[in-house]
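Trainee: For the protein sequence lines, the chains are Z and B, in the order given. For the first sequence, the working numbering assigns the number 31 to the initial residue and increments by one for each residue that follows. For the second sequence, the working numbering assigns the number 13 to the initial residue and increments by one for each residue that follows.
Hints listed in this document are in silico derivations from the structure and should not be mistaken for laboratory results. Everything numeric in this text was worked out from a predicted model, so none of it was measured. Mixed in with the good hints, there may be bad ones.
[To be verified] Calculated lysine-lysine pairs in the DSS-like style (CA-CA distance at most 25 Å, straight line):
1) Z:197 / B:255
2) Z:84 / Z:118
3) Z:57 / Z:130
4) Z:342 / B:115
5) Z:245 / Z:118
6) Z:42 / Z:151
7) Z:171 / B:266
8) Z:171 / B:256
9) Z:258 / Z:197
10) B:266 / Z:197
11) B:185 / Z:197
12) B:246 / B:38
13) Z:275 / B:150
14) Z:296 / Z:275
15) Z:275 / Z:197
16) B:243 / B:270
17) B:32 / B:392
18) Z:171 / Z:151
19) Z:197 / B:294
20) B:150 / B:167
21) B:246 / B:270
22) Z:84 / Z:225
23) B:243 / Z:130
24) B:171 / Z:130
25) B:255 / Z:166
26) B:294 / Z:342
27) Z:342 / B:255
28) Z:197 / B:171
[Unchecked claim] Under 7 Å between C-beta atoms, here's a sample of chain Z residues computed to sit facing chain B:
29) 46
30) 172
31) 182
32) 184
33) 275
34) 276
35) 278
36) 282
37) 284
[Said to hold, decoys possible] To be clear about the criterion: a stretch of chain B counts as covered by chain Z if any three or more of its residues have a C-beta under 8 Å from a C-beta of chain Z, and this derived list gives those stretches:
38) 217 to 228
39) 243 to 250
40) 280 to 289
Backbone N, C-alpha and C define an ideal beta-carbon position, used for all residues, glycine too.
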Amino acid sequence: MSIKLGSSELAKYPFLQEASDYIQETKFGFDEFDRPEMIHIINRAAEKLENELKGKVYSNLDEYEIEIMTFLVSLLLIKSIGLEEVSKKCSLFEAMRVEKFLSSDLSNERSSQKKRLLVEKIFQELFNINIDFDSKSSICKLSVPDYLHRASRMHEQEWKLINRSVKNGFVYLDIDEAVRLVRNELSNLIYTRIKNMKVYDVPISIKLKADELRKKYAGHYVHRNQFKILDYPPCIKHAMEAINKGENLPHSARFMLATYMLAIGKTEENVIEIFKNSPDYNEKITRYQVEHLAGKKGSHIKYSVPSCDRLKSEDLCYAVRECENLINPIQFGRRKIT
Amino acid sequence: MNQIENTNENNKFLTEVFRKYYFENKYFPYLYSIEKREFGYRRFDSMVVRHLSFKNIGELVAELVRNVPLDVYYSNAYYGFPSNPINEKQWEGADLIFDIDLKDLDIPCFQDHTYYVCNLCGFVNSEHKLCVNCDRGKTSDISLPCKRCFTAIKKEAGKLHEFLRSDLGIQDKFIEIFFSGNAGFHFHVNDPSIRILDSNSRANVTDYIIGNGFMCESIGVRKYGNGFLIKLPKSGIMTGWRKKISSSLGINQKSELKLRHIVETNGGYDGFRNEINRIAKKFGVQIDSQVTNDIHRVFRLPDSINGKSGLTKMKCDDLESFNPNNDACLLSDSEVCINLKTKLKINLKNCNFKLENTIEKVPSYVAAYLICKGLATISKNQ
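Here chain Z stands alone, though its shape is the one from the complex:
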């Protein structure tokens, strides 16, 4: 007996292929959003979006037709608003909404076939992860490389492989952990869909709502990323002290120091100056390397400051109490410019 996803699943997971198929089957045209009876869908999508921008997961769940349409209108609204921060935040909160439903379905659904189907649709078809789900113990098993591809982007210590249940090349996760593991990917999937949408004719009613939301939220994001640094983190201080004493820093410490200084806005000249005390200082080589890290030579990629996690494993971390919960030295001692 074959089993299919039901309407309640389509309502919760409107990004699945089956939901797109539904839209196509109904031959629904975009211009139909301008019909008066569709205004409640547009308002619902706007309400959901505002919830997300306030940092709340929108948990209301309606009939699947309404949910699929609301999802579609949300994407159109986000695309029309055209603010990168809005796209990113809404994608993340949409993913968190899915995470909530999926965790609950995999824990509470009685039919083990249905559970397996959900795992297959979301983990295997969408993200190409071969996951073995034991519906009795509710434990998921996936290969170490599949785990690492996802978990290495997560900063919390608990996601490090060493803190996982690992055996014979597999990582064992409970349902909540397995679902959390794909949250970022789901968020990226939604973000990419928004980014790749080619909408030439946005229905007037959606466009008007988008204009209204843009006016309301655009100001929130203008100065958001401007900070000043009040103090250097201990890893940087330690490297600076060593270099001032004329000690030979290892390559990894030089990389950390240079990328950090560039990231906080020092010029290449300032950074080169710092390295003048190195016992093996060579201006030509230092200049090339600093300019390379700044993205002005070679690959033209600006290098990021290594994460705290990376610095710990390279023995470059000298954490103090203020370092707690930081994921990158760049976050240390910075204050928002108001």
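Start from chain Z and add chain B according to the hints.
Mentor: Relative to the frame of chain Z, chain B by itself:
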């Protein structure tokens, strides 16, 4: 930097014995996908040549016989265009390589057979880190690893092998172990599913192997206000590092009370965390994390000669029986005279050499070993 005293006689001698080796050992059976690798080499004048590529082993051997490098390297990475500049090589994946080095292990006898060779005048002494001859030069530590050193490093290599097989589930056919040719072991993992791991994922693996970052929460001990609480994880504590730690503490999935007692005995959450870190250090393997995390690095080519010793980077099928100073010593036996800079005893090719005179007549493999270490030079009077 190499320690070879830069004289015409030394360079001529080493060039001849190295060339003979490459001419006679032109197979390189552990070099896979040669057309996708970047090659590089260090010349006798210490200059490094990089971004080379070869279509086949024949081309590589021709280059080695023609130019006779001191050291030969190849990339762990597979590239679409290996000879292009780094940003245009088109990275397609990289073998996962681990490096265990004697100098990172705290071996008590290591200092007993370490010599300090002056980087300026080449003078050798076994006591002072600053040159006592020219008074100006900094020295390099040169060690002649003994049997005890190799036993210790093989034990560490065995631990790594077990991590790779039992925890990470890597099949033996994808793991190749090499003696580095000097004082370490390299593990090459060429499992296709591992090749595509990025640097962050590899850092996650190295922390796993070293034992960095284990949290008390992973075996169910959580901080709660000024105290702690016990809540064992649903996914269990009897696999991976959780098992290593819990077995060491003598607990299992049902030992909540015992675990509580252990935490209390250690003075609460913080004391227990220190105890966990101590255990993790004991079970972890001393690998060089930067080597493993790098996806664009060049490594010594298997079956090439190590310019720091004249020994070969040699495949090691059985760690226990492998004897580096015998199994990796492949240079010729013909005798030459050397000027010794210090008295010493060594064992190579299962022969003991007690060298006490300023001028000694020794087989070429002994001469090459000591010249590469900076402890001898070729005598002008042969």
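Trainee: Look at each hint and say if it fits the structure.
Mentor: Okay, the hints, checked on the actual structure:
A distance of roughly 10 Å separates the Cα atoms of residue 197 of chain Z and residue 255 of chain B; the hinted pair therefore holds under the 25 Å criterion. Pair hint residue 84 of chain Z plus residue 118 of chain Z holds up; C-alpha atoms about 13 Å apart against a cutoff of 25 Å. With a CA separation close to 31 Å, the supplied pair residue 57 of chain Z and residue 130 of chain Z exceeds the 25 Å bound. Taking the CA atoms of residue 342 of chain Z and residue 115 of chain B, the gap is near 21 Å; set against the 25 Å cutoff, the hint holds.
As the CA atoms of residue 245 of chain Z and residue 118 of chain Z are separated by approximately 18 Å, the hinted pair is consistent with the 25 Å bound. Annotation: proposed proximity of residue 42 of chain Z to residue 151 of chain Z holds, straight-line Cα distance about 13 Å (limit 25 Å). Taking the CA atoms of residue 171 of chain Z and residue 266 of chain B, the gap is near 22 Å; set against the 25 Å cutoff, the hint holds. Restraint check for residue 171 of chain Z and residue 256 of chain B: the C-alpha separation of about 20 Å stays at or below 25 Å, so the hint holds.
Between residue 258 of chain Z and residue 197 of chain Z, the direct Cα distance comes to roughly 46 Å. Violation of the 25 Å bound is thereby established for this hinted pair. Our distance criterion of 25 Å between C-alpha atoms is met by residue 266 of chain B and residue 197 of chain Z, whose separation comes to about 20 Å. At most 25 Å may separate the alpha-carbon atoms for a hinted pair to count; residue 185 of chain B and residue 197 of chain Z meet this at roughly 19 Å. This hinted pair does not check out: residue 246 of chain B and residue 38 of chain B have alpha carbons roughly 55 Å apart, beyond 25 Å.
In summary, the hint linking residue 275 of chain Z to residue 150 of chain B is supported, as the alpha carbons are separated by about 17 Å, within the 25 Å threshold. Restraint check: the Cα-Cα separation between residue 296 of chain Z and residue 275 of chain Z comes to about 22 Å, which is no more than 25 Å; the hinted pair holds. The hinted pair formed by residue 275 of chain Z and residue 197 of chain Z fails the criterion: a straight-line CA distance of about 47 Å is larger than 25 Å. With a C-alpha separation of about 13 Å, the suggested pairing of residue 243 of chain B with residue 270 of chain B holds against the 25 Å cut-off.
For the given pair, residue 32 of chain B sits about 21 Å from residue 392 of chain B by alpha-carbon distance, which is consistent with the 25 Å threshold. Using a Cα cut-off of 25 Å, the hinted pair residue 171 of chain Z and residue 151 of chain Z holds, with the two alpha carbons roughly 16 Å apart. Between residue 197 of chain Z and residue 294 of chain B, the direct Cα distance comes to roughly 20 Å. Compliance with the 25 Å bound is thereby established for this hinted pair. A threshold of 25 Å between alpha carbons decides the hint, and for residue 150 of chain B with residue 167 of chain B the separation of about 33 Å lies outside it, so the pair is violated.
The hinted pair formed by residue 246 of chain B and residue 270 of chain B meets the criterion: a straight-line CA distance of about 18 Å does not exceed 25 Å. The hinted pair formed by residue 84 of chain Z and residue 225 of chain Z meets the criterion: a straight-line CA distance of about 22 Å does not exceed 25 Å. At roughly 22 Å between alpha-carbon atoms, residue 243 of chain B and residue 130 of chain Z fall within 25 Å of each other, so this suggested pair holds. Taking the CA atoms of residue 171 of chain B and residue 130 of chain Z, the gap is about 41 Å. The hint is violated against a cut of 25 Å.
At most 25 Å may separate the alpha-carbon atoms for a hinted pair to count; residue 255 of chain B and residue 166 of chain Z meet this at roughly 23 Å. For a cut-off of 25 Å, the pair hint linking residue 294 of chain B to residue 342 of chain Z stands: about 18 Å separates their Cα positions. Distance hint between residue 342 of chain Z and residue 255 of chain B is fulfilled; the C-alpha atoms sit about 24 Å from each other, no more than 25 Å. For the proposed pair residue 197 of chain Z and residue 171 of chain B, the alpha carbon gap of about 16 Å is at most 25 Å, so the pair holds.
The beta carbon of residue 46 of chain Z comes no nearer than 27 Å to any beta carbon in chain B, farther than 7 Å, and the hint placing it at the interface is violated. Checking residue 172 of chain Z against chain B by beta carbon gives a least distance of about 12 Å; that is not within 7 Å, so the hint is violated. For residue 182 of chain Z, the shortest C-beta to C-beta distance to chain B is roughly 4 Å, which falls under 7 Å, so the interface hint holds. Checking residue 184 of chain Z against chain B by beta carbon gives a least distance of about 10 Å; that is not within 7 Å, so the hint is violated.
The restraint placing residue 275 of chain Z at the interface with chain B is violated, with a minimum CB-CB distance near 16 Å, outside the 7 Å limit. Because the smallest distance between the Cβ of residue 276 of chain Z and any Cβ of chain B comes to about 13 Å, over 7 Å, the interface hint for this residue is violated. For residue 278 of chain Z, the suggested interface contact is broken, since its CB lies about 10 Å from the closest CB of chain B, more than 7 Å. Interface restraint check for residue 282 of chain Z: the shortest CB-CB distance to chain B comes to about 6 Å, inside 7 Å, so the restraint holds.
The restraint placing residue 284 of chain Z at the interface with chain B is violated, with a minimum CB-CB distance near 12 Å, outside the 7 Å limit. Check on the segment 217 to 228 of chain B: 10 of its residues sit with their Cβ under 8 Å from a Cβ of chain Z, so the three-residue criterion for coverage holds. Coverage of the segment 243 to 250 of chain B by chain Z holds in this model, with 5 residues showing a Cβ closer than 8 Å to a Cβ of that chain against a need of three. Taking a C-beta to C-beta cut-off of 8 Å, the segment 280 to 289 of chain B contributes 0 residues in contact with chain Z, too few for the three needed, and the coverage statement is violated.
Hint check: violations occur at hints 3, 9, 12, 15, 20, 24, 29, 30, 32, 33, 34, 35, 37, 40; the rest are consistent with the structure.
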